[in-house]
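S.K.: Turn these sequences into a full structure, and let the hints guide you.
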Amino acid sequence: MNLSEITDGLNDKQNQSVTLDDTQNALILAGAGSGKTRVLTHRIAYLVTQKNRHIDAILAVTFTNKAAKEMRERLEMLLRRPIRSMWVGTFHGLAHRLLRAHPLEANLSTQFQILDQQDQFRIVKRLMKENQIDESKYPVRKIQWFINQQKDEGIRPGDIDAGYNYFVKQSIKVFELYEVHCKANELIDFAELLVRSYELLKNNAELLAHYQNRFEHILVDEFQDTNTIQYKWIKLLSSGKNQIFCVGDDDQSIYGWRGAKIENIQKLESDFHPIQTIRLEQNYRSTGNILGASNALIANNSNRLGKSLWTDSGNGDLIDIYEARTETDEADYVVSAIQKYIDDGASASECAILYRSNAQSRGFEERLIKYNIPYVIYGGLRFFERAEIKDALCYLRLIESTADNVAFERVVNFPTRGIGNATIEKVREFARDNHTTLFQAAIEISPSLPTRASNALIGFTQLIEQMCDDAKHLELSEKVAHLIKASGLIEHYSNDKTDKAGSKKENLEELISAAKQYAHD
407 MNLSEITDGL
417 NDKQNQSVTL
427 DDTQNALILA
437 GAGSGKTRVL
447 THRIAYLVTQ
457 KNRHIDAILA
467 VTFTNKAAKE
477 MRERLEMLLR
487 RPIRSMWVGT
497 FHGLAHRLLR
507 AHPLEANLST
517 QFQILDQQDQ
527 FRIVKRLMKE
537 NQIDESKYPV
547 RKIQWFINQQ
557 KDEGIRPGDI
567 DAGYNYFVKQ
577 SIKVFELYEV
587 HCKANELIDF
597 AELLVRSYEL
607 LKNNAELLAH
617 YQNRFEHILV
627 DEFQDTNTIQ
637 YKWIKLLSSG
647 KNQIFCVGDD
657 DQSIYGWRGA
667 KIENIQKLES
677 DFHPIQTIRL
687 EQNYRSTGNI
697 LGASNALIAN
707 NSNRLGKSLW
717 TDSGNGDLID
727 IYEARTETDE
737 ADYVVSAIQK
747 YIDDGASASE
757 CAILYRSNAQ
767 SRGFEERLIK
777 YNIPYVIYGG
787 LRFFERAEIK
797 DALCYLRLIE
807 STADNVAFER
817 VVNFPTRGIG
827 NATIEKVREF
837 ARDNHTTLFQ
847 AAIEISPSLP
857 TRASNALIGF
867 TQLIEQMCDD
877 AKHLELSEKV
887 AHLIKASGLI
897 EHYSNDKTDK
907 AGSKKENLEE
917 LISAAKQYAH
927 D
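Numbering (my numbering), first residue to last: 407 to 927.
Because the hints were derived from the structure by calculation, they are not lab data. Note that CB positions come from ideal geometry on N, CA and C, so glycine has one too. Each hint should be verified, as a subset may be incorrect.
Using C-beta positions, here's what the derived DEER-type ranges look like [as the list claims (entries may be wrong)]:
#1 Gly865 - Arg664: 32 to 38 Å
#2 Ala754 - Glu605: 51 to 57 Å
#3 Cys874 - Gly662: 49 to 55 Å
#4 Ser708 - Thr904: 27 to 33 Å
#5 Met483 - His460: 16 to 22 Å
#6 Glu835 - Gly569: 49 to 55 Å
M.R.: Put into structure tokens, the structure is as follows:
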């Protein structure tokens, strides 16, 4: 392969990045739509074909599995051969590969298994129950989040100073119990993959030297989204003899809420000195007016590394700004504009509505249905199909009619109140045998159940009865507001520290707005 096959079609800055001297470290500040994936793949092709680097001497780290797959496919097309032996993948995927290659050195068995978030949650919950740690004071999700947060920082239980913070003390206790359990059962969670692989290399000089020598070039995509342990991982693998090539954009750092550290991209200059910074500022995705507005907005960010996007695609249409009085007004304006666009001969598939949170979709969906415009929700379910909305509506259905068996089944043990499957099956059997509703069966069967199950079931039926009484003279929106609080749904998501809990809580609050709008209409 000659050089022109690699550089054809690249702009000047892309070409400079791809053909940079192979003895230099590089930070490529790649703006949105500037062709960073192309730069990464063509850089690897350049190293292999023009600098005679073996494909196995290159480590490429991506942010998602999809990006890793795409990079591998593009490289195979460029190089016209398979590259199965190349180390390309996410941080977690590469850490897993490293631990599978050296389990004994990492103090693991060869049969270790990976825990997902749900499995981890169940283990933490069980350990807390076995050790009489009160979930009402120390929510399981918060403890789980604490454990993963410490691991993302590369911190073990013994390294944490709880001081006088009793929550931290209890969290450390669970953390220690959890580590003992995982070791005894040969389990590794996602955060542990990175910590353990980092410790494997840090504590084994010979193994570290092997990988430092093997990976002559380390390329990292989406560097602005790396967390503390990921940065340490890359820094450890860098011997000073190998080169790093980091692609990122400090203007696109949006994962701080889950541990990403924007300062990582800012530390490169001191930790990997000397390093050459190249800015990819030509945008291939947007028009001039859009870029002008986005440049003006992002210029207000502090501590930027500096970059101004431009395009030769022309200015395009002006940006319209409409300051809506209400969410309903906003939805009406947007959907009527789409309808006009369609009436002028355009296709609905050429239109997109972007919103900040999932809860905002409801107003737009109602108007799209009203205008009979077909639509697809990307990255999520339609508003009334979301689990938390279905849960709330089932509570509403049940207080309207305790004969609603489907609603009963859905919410009888959500949020969790200690009513297990065996108890629910007994309720079903009694209802079938006596030709009655599940709710009535629950009332009648409760006294015959073991104390714990009986108390839990009585608590639920009394809750529904109380909610029925409370809701008798309330407006629809007031009913919805009351039931999502009284049922424990809001409290459940307030205590939940997983990624989607916040949006679920917002959706429940949006349901109240939907009820108000429904009553108004």
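S.K.: Please go over all the hints and tell whether each is borne out by the structure.
M.R.: Hints and how they fare:
The beta-carbon spacing between Gly865 and Arg664, approximately 36 Å, falls within the hinted interval of 32 to 38 Å. The beta-carbon spacing between Ala754 and Glu605, approximately 53 Å, falls within the hinted interval of 51 to 57 Å. Checked against the hint of 49 to 55 Å, the pair Cys874 and Gly662 fails, with Cβ atoms roughly 44 Å apart. Against the hinted window of 27 to 33 Å, the Cβ-Cβ separation of Ser708 and Thr904 comes to about 30 Å, which satisfies the hint.
Met483 and His460 have their C-beta atoms about 19 Å apart, which keeps the hinted 16 to 22 Å range intact. Distance hint for Glu835 and Gly569: a CB-CB separation of about 54 Å, consistent with the stated range 49 to 55 Å.
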